[in-house]
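First to last, the sequence lines map onto chains A and B.
One point on numbering: in my numbering, the residue at position 206 of the first sequence is 206, and numbering is uninterrupted.
With positions in the second sequence counted from 1, the corresponding number in my numbering is that position plus 1000.
Check before you lean on any hint, since a few could be wrong.
Stated by the list, open to error - Label-pair restraints from in silico Cβ distances:
{"id": "1", "chain 1": "B", "residue 1": "Val1130", "chain 2": "A", "residue 2": "Gly10", "range": "43 to 51 Å"}
{"id": "2", "chain 1": "A", "residue 1": "Gly64", "chain 2": "B", "residue 2": "Arg1183", "range": "43 to 51 Å"}
{"id": "3", "chain 1": "B", "residue 1": "Tyr1024", "chain 2": "A", "residue 2": "His206", "range": "35 to 43 Å"}
{"id": "4", "chain 1": "A", "residue 1": "Lys147", "chain 2": "B", "residue 2": "Leu1259", "range": "36 to 44 Å"}
{"id": "5", "chain 1": "B", "residue 1": "Phe1182", "chain 2": "A", "residue 2": "Asp242", "range": "35 to 43 Å"}
What the hints assert, rightly or not - Stretches of chain A that chain B covers, calculated by requiring three or more beta carbons in the stretch to come under 8 Å of a beta carbon on chain B:
{"id": "6", "segment": "101-107"}
{"id": "7", "segment": "208-214"}
Unchecked claim - Rough simulated footprint, nothing fancy, chain B against chain A, three-plus residues with beta-carbon under 8 Å:
{"id": "8", "segment": "85-96"}
{"id": "9", "segment": "146-159"}
Derived by calculation from the structure, the hints in this document are not laboratory data.
Because the structure is a prediction, the values reported are computed rather than measured.
Positions of the beta carbon are idealized from the N, C-alpha and C atoms, including for glycine.
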Amino acid sequence: MGDVVIRVVGAGIRFRRNRRGRRSFKDLFAGRNRRSRPNEFWALRGVDVEVRAGEAIGVVGRNGQGKSTLLKLVAGVMLPDEGRVDVLGGVAPLIEITGGFVDDLTVRENVHLTAGLHGMTRAEIDERYDEIIDFAELREAVDTPYKHLSSGQKVRLAFSVISRLEEPILLVDEVLAVGDRAFRDKCYQRIDELLAGGRTLFFVSHNERDLKRFCTRGLYLDKGRLQLDGPIEGVLAAYNSDYGSPS
Amino acid sequence: MPLALSTVTLASPSRPPRSPARVYRQTLWLLTGRDLRVRYSTSFLGYLWSVLDPLVMALIYWFVFTQIVDRSIGEAPYIVFLLAGLLPWTWFNGAIGDSTRAFIKDAKLVRSTRLPRSVWVARIVLSKGVEFVLAIPVVVAFAIVFGAELTWGVLWLPVAIALQATLTLGLGLVIAPLVVFFRDLERAVKLVLRFLFYASPIIYGLSDLPAGLDTWMAFNPLAGIISLYRAAFFPDQVEALPVIIAAVMSLAALGLGILVFRRMVRAVLKEI
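Could you build the full structure based on these sequences and the hints that come with them?
In structure tokens, the structure reads:
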């Protein structure tokens, strides 16, 4: 087993229940405090997880039970209201992967922009540029404005860039449901490769087959709490017995 | 189907983590480059647009104050005097106006990348600042044509730019997170900016104000900053008090901005 790369200690985050809830300046500047206010709820609370390098973890749970929120905390795009989330090492987040792309720029410019924003240096981008384009199968379209790509091509390009980030931790949130079958197979293969290369995977999905394919350990989130942390088969079994088997 | 197998690279802890300052710098330049590239690739006139706006304004005021009414404000050549105030104002106005949408415009990126959060404001200040610097040759051209004499006051230029960047960044850091919660602020800011245009010595100089009022005006940090820009051609515009006040207020604005931003960023990330 490798070193601990993700350490979540007593993490909690709360959201407002209704958008129009009264908000005062005092609330906004309250920063982190432990009091729960009446119109707020804890989306996650008291979550403790330790992930070691090379582990492949699947997060299971119904919608709205905090799966994506946990992933976002690990990705560092949200900050916990209590507890801590420490991530040692770079993260390649496959969350809203098409987010960084700009409509009016070409495919080539977008690759440089997005890879750069995710922390690649110029030299690294130049070195991997051909791989990225070939993987996305967009060799003929490098000078096309991004907005003229089909939605499938957009996802292909995005996956290709982010999965090539060479970061030790890979976060995946439901992105594999998109794209045509051939490309999905390619994505799977790419993730397999990354896992074989010793990457740590944090995977959120409703697809039991995908979870079983990639993950060895599962986290079962329900009602904002971490209900179970164990081998993926056991976690899926617990989830299915709580909410009825989908198969 | 044969799949293009790529070279598997091992999880490499070998790459040393880059320093936060370097990440910040790289991100800032990437985003600024993106903004400028989008601007210039989508419009035919490109660069001209960033110059055209202040230029047209300058021509209008020049026409009104020299051709219609007899100018008793500012200094001659009035067009150079105007441009030296209008170009920095365009930077300030554009950056503050855009900072109201700093998070909204890039919401998807904010949600999906772990970047230093203040970069969303800083890149607006920087990209508008770059446009400002690119527009400086226009003033030079007018100065040559109308025979305005360059003085040693031009050495104030970097100070003026630094102060304005500090002030704008500070205010942006206050406004950007607040707008996420109080959408009304977006319109309020526009209104205040319009007021501020006339309440700053842009079409006039500090010395044109009646006694008493100029002391008050000195507490508008833009007064000191604009006088420093004008020093290049009109060194008499510079007075110590407004400049000192501008420097103190700019630093105070940045301090306040950092404080407000730090306290609010957690809530902002949940909201967008």
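Outcome of the hint check:
A C-beta distance of roughly 45 Å is found between Val1130 of chain B and Gly10 of chain A, which places it inside the suggested range of 43 to 51 Å. Look at Gly64 of chain A against Arg1183 of chain B: about 26 Å separates their beta carbons, and that is not inside 43 to 51 Å. Between Tyr1024 of chain B and His206 of chain A the beta carbon distance is about 37 Å. The supplied range of 35 to 43 Å therefore holds. Distance hint check for Lys147 of chain A and Leu1259 of chain B: the Cβ-Cβ separation is about 39 Å, which falls inside the suggested range of 36 to 44 Å.
A hinted range of 35 to 43 Å for the beta carbons of Phe1182 of chain B and Asp242 of chain A is consistent with their spacing of about 42 Å. As drawn, the segment 101-107 of chain A meets chain B at 3 residues by the rule of a beta-carbon pair under 8 Å; at three or more, the given contact holds. Closer than 8 Å: that is the beta-carbon criterion, and the segment 208-214 of chain A has 0 residues meeting it against chain B, so the requirement of 3 is violated. With a threshold of 8 Å between beta carbons, the proposed coverage of the segment 85-96 of chain A by chain B holds, since 6 of its residues qualify and at least three are required.
Remark: the segment 146-159 of chain A is not confirmed as covered by chain B, as 0 of its residues place a Cβ nearer than 8 Å to a Cβ of that chain, below the required three.
Hint compliance for this structure: hints 2, 7 and 9 are not met, and every other hint is.
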